[in-house]
Amino acid sequence: MNFLVVDHVSHTYFTEKAAVTALENVSLEIEKGEFVSFLGPSGCGKTTLLSIIAALIQPTKGSVILEGEKVHSIHPSVGYMLQQDYLFPWKTIEENILLGLTIMGMNSNEAKQRALDLLSRIGLKGVETYYPNQLSGGMRQRAALVRTLATDPKILLLDEPFSALDYQTKLKLEELVWKTLKEYKKTALLVTHDIGEAIAMSDRIFLFSAKPGRLVRTFIVPKELRNLSPFHSRNHTTFSELFQFIWKELDSLEANE
Amino acid sequence: MKQTNNQIQVLHEQYVIRLKQEKRWVRFFQLLIFVAFFSLWEIASRNHWIDPLLFSSPSTIWKLFVQKIADGSLVSHTGITLGETIIGFMLATFAGTFFAALLWWFPRLSKIVDPYLVILNAMPKVALGPIFIVALGPGFTSIIAMGTIISLIITTIVVYTSFKEVDPNYIKVLKTFGASRFQCFKEAVLPSSFPTIISTLKVNVGLSWVGVVVGEFLVSKQGLGYMIIYGFQVFNFTLVLLSLLVIAFLATIMYQIVGWIERKLIKNR
Ligand SMILES: Nc1ncnc2c1ncn2[C@@H]1O[C@H](COP(=O)(O)OP(=O)(O)O)[C@@H](O)[C@H]1O
Ligand SMILES: [Mg+2]
Numbered sequence: 001m002n003f004l005v006v007d008h009v010s011h012t013y014f015t016e017k018a019a020v021t022a023l024e025n026v027s028l029e030i031e032k033g034e035f036v037s038f039l040g041p042s043g044c045g046k047t048t049l050l051s052i053i054a055a056l057i058q059p060t061k062g063s064v065i066l067e068g069e070k071v072h073s074i075h076p077s078v079g080y081m082l083q084q085d086y087l088f089p090w091k092t093i094e095e096n097i098l099l100g101l102t103i104m105g106m107n108s109n110e111a112k113q114r115a116l117d118l119l120s121r122i123g124l125k126g127v128e129t130y131y132p133n134q135l136s137g138g139m140r141q142r143a144a145l146v147r148t149l150a151t152d153p154k155i156l157l158l159d160e161p162f163s164a165l166d167y168q169t170k171l172k173l174e175e176l177v178w179k180t181l182k183e184y185k186k187t188a189l190l191v192t193h194d195i196g197e198a199i200a201m202s203d204r205i206f207l208f209s210a211k212p213g214r215l216v217r218t219f220i221v222p223k224e225l226r227n228l229s230p231f232h233s234r235n236h237t238t239f240s241e242l243f244q245f246i247w248k249e250l251d252s253l254e255a256n257e
Numbered sequence: 001m002k003q004t005n006n007q008i009q010v011l012h013e014q015y016v017i018r019l020k021q022e023k024r025w026v027r028f029f030q031l032l033i034f035v036a037f038f039s040l041w042e043i044a045s046r047n048h049w050i051d052p053l054l055f056s057s058p059s060t061i062w063k064l065f066v067q068k069i070a071d072g073s074l075v076s077h078t079g080i081t082l083g084e085t086i087i088g089f090m091l092a093t094f095a096g097t098f099f100a101a102l103l104w105w106f107p108r109l110s111k112i113v114d115p116y117l118v119i120l121n122a123m124p125k126v127a128l129g130p131i132f133i134v135a136l137g138p139g140f141t142s143i144i145a146m147g148t149i150i151s152l153i154i155t156t157i158v159v160y161t162s163f164k165e166v167d168p169n170y171i172k173v174l175k176t177f178g179a180s181r182f183q184c185f186k187e188a189v190l191p192s193s194f195p196t197i198i199s200t201l202k203v204n205v206g207l208s209w210v211g212v213v214v215g216e217f218l219v220s221k222q223g224l225g226y227m228i229i230y231g232f233q234v235f236n237f238t239l240v241l242l243s244l245l246v247i248a249f250l251a252t253i254m255y256q257i258v259g260w261i262e263r264k265l266i267k268n269r
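Chains as they are written, first to last, in UniProt numbering: chain A, 1 to 257; chain B, 1 to 269.
Note that these hints are calculated values from the structure, not bench results. Wrong hints could be hidden among the right ones.
Derived lysine-lysine pairs resembling BS3-like cross-links, with alpha carbons at most 25 Å apart [claimed, not checked]:
1. A/LYS91 x B/LYS172
2. B/LYS164 x A/LYS17
3. A/LYS154 x B/LYS172
4. B/LYS264 x A/LYS91
5. A/LYS112 x B/LYS172
6. B/LYS264 x A/LYS17
7. B/LYS164 x A/LYS91
8. A/LYS17 x A/LYS32
Now the stretches of chain A that chain B is said to cover, found in silico as 3 or more residues with beta-carbon under 8 Å [claimed, not checked]:
9. 76–82
10. 98–104
Among the chain A residues that face chain B by a calculated CB cut under 10 Å, a handful are [what the hints assert, rightly or not]:
11. SER10
12. SER51
13. GLY68
14. SER73
15. PRO89
16. PHE243
Beta carbons: idealized from backbone N, C-alpha and C, even for Gly.
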């Protein structure tokens, strides 16, 4: 049985001026423990699809099925990480990473301790009493990851989590996030418009086209890359082959428009 | 290397000295204006360049001040006005924030009452004074109502606007954890609006003084506003000016206290 099924999902936004179809008839399946990427130009409905999977919005048509059950309302098994860290500036790092636990009423000492342990595992020991503006962009995004993982979700939705970072920080964080998620055996769904990032991090890549957002192709990342960490994956010969291949595919998509 | 370090240190010291000098000059001129103003007033009054009956003089005001302190009347009038102002200003801030929260909670309500808020805000609130006195009686309650109403509407509007402008992504973060509407309000909407609430406090301090003093004009029983109107009626302008100076002094102190609270509360942003 599939872990997550997106079944014929369409979504249209209604505004006073127009009805914008952000997604059209998207169907896909994700296995437990898989790391997949949604790749596509901006405006192709990637964020919309994540919001639908997280049940933040209801699709106009179709449904999302998680572990055999239709998703109706916000589900504790789903963790969502936004494009920017959105740490609350008036809370300390500790208060920030415990936010999800507090909201869900799961703030047992055990859970708190696990979150704090995770914080130090991820290289942020000793910043618990700091405020977010005292941390660098990369550190903040790591704290945001801890906040998302603290509630122990089964699937992680990552919406362009590295796009606001400088290149070097981004590479380091890709590495860290990949290793952390593999270690905790999390299923993950990464949204990106960076081909390299998609190849380096994921097992499968879903390619979307814009206006309206459609799933056009699925690429399976070769085995030899899948088991390598993002950094090593980028140095592998297969990497650039796949990169070229996807690049051409994206190019022809744009040409067809 | 060491030499350049020394040089930089010397330059830095010079820079700090210049900053200090600048500060001293500013202080000096501020003091100069103060002293010049009161001296000129005193001299002008003594030499009858201005009518001492109308404009009094610092020394006469001082004598009256000492006398009024001694008989206890200044302290009691000041205490009453200060109390009314603080209550009015707190009521306006809390009630305004509460109304803003209601509007945020019920978006349809906010759409419905929007034009009425605009009308109420545009209206000169002190004109409501006589109505308060008729409705609430000529006393304490009416005066506090004046001190409150004068800043209540604007507080509601400003705080509500800031509630609405909270970055929706903070709310999205909370919602992904399944937060209720109340949790969203408590964790994101309210705290991110604190700076706005504090800055309305600053405006409200000034406004509440206006409301309370006008209220005391109308009720005319006690307080600094009463002292002004009484002094005016018996042609004792020394009393009027004394009351004015006390109000200016207290309003400044309250403003400073709010400024201090502001620095304490929002140091992390
Ligand atoms: N709240 C909204 N109201 C109206 N249109 C929206 C809204 N959110 C997104 N859209 C539109 O839907 C399309 C897809 O948006 P989005 O899912 O954010 O794409 P992506 O994340 O791939 O950049 C865009 O054309 C965008 O303008
Ligand atoms: Mg997006």
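Hints, one by one, checked against the model:
{"no.": "1", "hint": "A/LYS91 x B/LYS172", "in the structure": "holds (17 Å)"}
{"no.": "2", "hint": "B/LYS164 x A/LYS17", "in the structure": "holds (22 Å)"}
{"no.": "3", "hint": "A/LYS154 x B/LYS172", "in the structure": "holds (19 Å)"}
{"no.": "4", "hint": "B/LYS264 x A/LYS91", "in the structure": "holds (15 Å)"}
{"no.": "5", "hint": "A/LYS112 x B/LYS172", "in the structure": "holds (22 Å)"}
{"no.": "6", "hint": "B/LYS264 x A/LYS17", "in the structure": "violated (46 Å)"}
{"no.": "7", "hint": "B/LYS164 x A/LYS91", "in the structure": "holds (21 Å)"}
{"no.": "8", "hint": "A/LYS17 x A/LYS32", "in the structure": "violated (41 Å)"}
{"no.": "9", "hint": "76–82", "in the structure": "holds (count 5)"}
{"no.": "10", "hint": "98–104", "in the structure": "holds (count 4)"}
{"no.": "11", "hint": "SER10", "in the structure": "violated (22 Å)"}
{"no.": "12", "hint": "SER51", "in the structure": "holds (8 Å)"}
{"no.": "13", "hint": "GLY68", "in the structure": "violated (21 Å)"}
{"no.": "14", "hint": "SER73", "in the structure": "holds (8 Å)"}
{"no.": "15", "hint": "PRO89", "in the structure": "holds (5 Å)"}
{"no.": "16", "hint": "PHE243", "in the structure": "violated (31 Å)"}
Comparing the model with each earlier hint shows violations of hints 6, 8, 11, 13, 16; every other hint is respected.
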